[in-house]
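Peer 1: Sequence:
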Amino acid sequence: MSHITVPVALGARSYDIHVGAGLLTKADEYILPVLRQKRAVIVTDENVAKLHLAKLEAALDRAGVKRDTIVLPPGEHTKDFSFLQKLLGDLLDLGIERRTMLIALGGGVIGDLAGFAASIVLRGIEFVQVPTTLLAQVDSSVGGKTAIDTRQGKNLIGAFHQPRLVLADLDALATLPPREFLAGYAEVVKYGLIDDPDFFAWLEQNGAAARDGDAAARQQAVVTSCKAKAAIVTRDEKEEGDRALLNLGHTFAHALETELGFGADLLHGEAVAAGMGLAFDFSVRQGHCPAGDAERVKRHLRSLGLPAGLQDAGRHATQGKWDAARLIAHMGHDKKLRDGKVTFVLARGIGKAFLAPSTDLAAVEALLRETA
Numbered sequence: 025m026s027h028i029t030v031p032v033a034l035g036a037r038s039y040d041i042h043v044g045a046g047l048l049t050k051a052d053e054y055i056l057p058v059l060r061q062k063r064a065v066i067v068t069d070e071n072v073a074k075l076h077l078a079k080l081e082a083a084l085d086r087a088g089v090k091r092d093t094i095v096l097p098p099g100e101h102t103k104d105f106s107f108l109q110k111l112l113g114d115l116l117d118l119g120i121e122r123r124t125m126l127i128a129l130g131g132g133v134i135g136d137l138a139g140f141a142a143s144i145v146l147r148g149i150e151f152v153q154v155p156t157t158l159l160a161q162v163d164s165s166v167g168g169k170t171a172i173d174t175r176q177g178k179n180l181i182g183a184f185h186q187p188r189l190v191l192a193d194l195d196a197l198a199t200l201p202p203r204e205f206l207a208g209y210a211e212v213v214k215y216g217l218i219d220d221p222d223f224f225a226w227l228e229q230n231g232a233a234a235r236d237g238d239a240a241a242r243q244q245a246v247v248t249s250c251k252a253k254a255a256i257v258t259r260d261e262k263e264e265g266d267r268a269l270l271n272l273g274h275t276f277a278h279a280l281e282t283e284l285g286f287g288a289d290l291l292h293g294e295a296v297a298a299g300m301g302l303a304f305d306f307s308v309r310q311g312h313c314p315a316g317d318a319e320r321v322k323r324h325l326r327s328l329g330l331p332a333g334l335q336d337a338g339r340h341a342t343q344g345k346w347d348a349a350r351l352i353a354h355m356g357h358d359k360k361l362r363d364g365k366v367t368f369v370l371a372r373g374i375g376k377a378f379l380a381p382s383t384d385l386a387a388v389e390a391l392l393r394e395t396a
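With my numbering as the guide, the letters of the sequence shown map in order to residues 25 to 396.
It should be emphasised that the hints constitute simulated quantities derived from the structure, not laboratory data. There may be inaccurate statements among the hints.
Calculated lysine-lysine pairs in the PhoX-like style (CA-CA distance at most 25 Å, straight line) [unchecked claim]:
1. Lys62 x Lys90
2. Lys345 x Lys376
3. Lys74 x Lys90
4. Lys110 x Lys90
5. Lys62 x Lys79
6. Lys376 x Lys262
7. Lys90 x Lys79
8. Lys365 x Lys376
9. Lys376 x Lys251
10. Lys50 x Lys110
11. Lys262 x Lys365
12. Lys262 x Lys50
13. Lys262 x Lys251
14. Lys74 x Lys110
15. Lys79 x Lys50
16. Lys50 x Lys62
Using the sequences and the hints given, assemble the complete structure.
Peer 2: Pasting the structure below:
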């Protein structure tokens, strides 16, 4: 199975996403052409280092690239100010220069944290994304969003900083725990729900095969997702319009994650899956979406083992029940606030997502209260 290249056309900031099996073992072939000097710093976490670091280091050594490695603890809690400060200090202690390349090897946490560090250290250095989780390969590694979490919410401090290259090795997906793979699969489903009903129908037929390890199905899912995100990012790099559609389910999801303190009890992709189910339910209540489409979305998510609403995720909530008022309060810190009002991504059907500014939060709270 040959690798597939997906271009992200952003003028001087353009780059390629390479998707295929075995890419880590020949990473030098892709990374060397974008290096400004033969020096790089790899940023990864303890779990990923055990599985994939040796391959990347061997590839850089073969190309004669001087390299250092910084290994951080795994988990969402690493994406905060304290670890950002530590990472920046470590990079400066290594004596990096503005032409030094930073390589983010890991999932969304490492990609977001390392990418943000790259955007601000020495007023900005270049970096490469080497995503090792499905969620990172289809979403967080593409498009240049970098950020850390704060107590007020998720991804509230960050910058747009495009990578020079994205290297998505499908072999890395085989090392993921099933729960982690499914968390990424929620973001794959999102692309079908936004504007590609044919892709959603394909997922209904092939999603289980991708989950269970079918290589061709996995590559098709990743490539189609990357093409969808690349097209949106090309049109709207800094989320001033269409790119906000990528937040389908995320306003709900970030509220759930904030309520739980970004812990491992509810993974980001699981929260997104629940959020997408809620977004479709709310769209039905508002008269935008056929009830049958919402049921179809929730049925598919649940068939793969993902939550599709608050009750599915209820095992994570305090005493098994969510506090609707607290979730609404968390939404007040959402990045998509405009003039103090929350913009939701709703749907007129599968593949027909749209932005709904100034959504009635009282109506959202009623849905949350009734379904908690």
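Peer 1: State for each hint whether it applies.
Peer 2: The hints, checked one at a time:
1. Distance restraint check for Lys62 and Lys90: the Cα-Cα separation of roughly 6 Å lies within the 25 Å cut-off, and the hinted pair is therefore satisfied.
2. For the given pair, Lys345 sits about 31 Å from Lys376 by alpha-carbon distance, which is inconsistent with the 25 Å threshold.
3. Only pairs whose Cα atoms come within 25 Å are accepted, and Lys74 paired with Lys90 is accepted, the gap being roughly 21 Å.
4. Restraint check for Lys110 and Lys90: the C-alpha separation of about 22 Å stays at or below 25 Å, so the hint holds.
5. Using a Cα cut-off of 25 Å, the hinted pair Lys62 and Lys79 holds, with the two alpha carbons roughly 18 Å apart.
6. At roughly 22 Å between alpha-carbon atoms, Lys376 and Lys262 fall within 25 Å of each other, so this suggested pair holds.
7. For the hint pairing Lys90 with Lys79, the CA-to-CA distance comes to about 15 Å; that is within 25 Å, so the pair holds.
8. Between the alpha carbons of Lys365 and Lys376 the distance comes to roughly 23 Å, so the proposed pair stays at or under 25 Å and holds.
9. A threshold of 25 Å between alpha carbons decides the hint, and for Lys376 with Lys251 the separation of about 18 Å falls inside it, so the pair holds.
10. A C-alpha spacing of about 30 Å is found between Lys50 and Lys110, which places the hinted pair above 25 Å, so the restraint is violated.
11. For the suggested pair Lys262 and Lys365, the alpha carbons sit about 19 Å apart, so the restraint of at most 25 Å is met.
12. As the CA atoms of Lys262 and Lys50 are separated by approximately 32 Å, the hinted pair breaks the 25 Å bound.
13. For the given pair, Lys262 sits about 18 Å from Lys251 by alpha-carbon distance, which is consistent with the 25 Å threshold.
14. In summary, the hint linking Lys74 to Lys110 is supported, as the alpha carbons are separated by about 21 Å, within the 25 Å threshold.
15. Under the criterion of a C-alpha separation no larger than 25 Å, the hint pairing Lys79 with Lys50 is consistent with the structure, at around 8 Å.
16. Note on Lys50 and Lys62: the hinted pairing holds, with a Cα-Cα distance of about 16 Å set against a maximum of 25 Å.
The structure fails to meet hints 2, 10, 12 from the earlier list, while all remaining hints are met.
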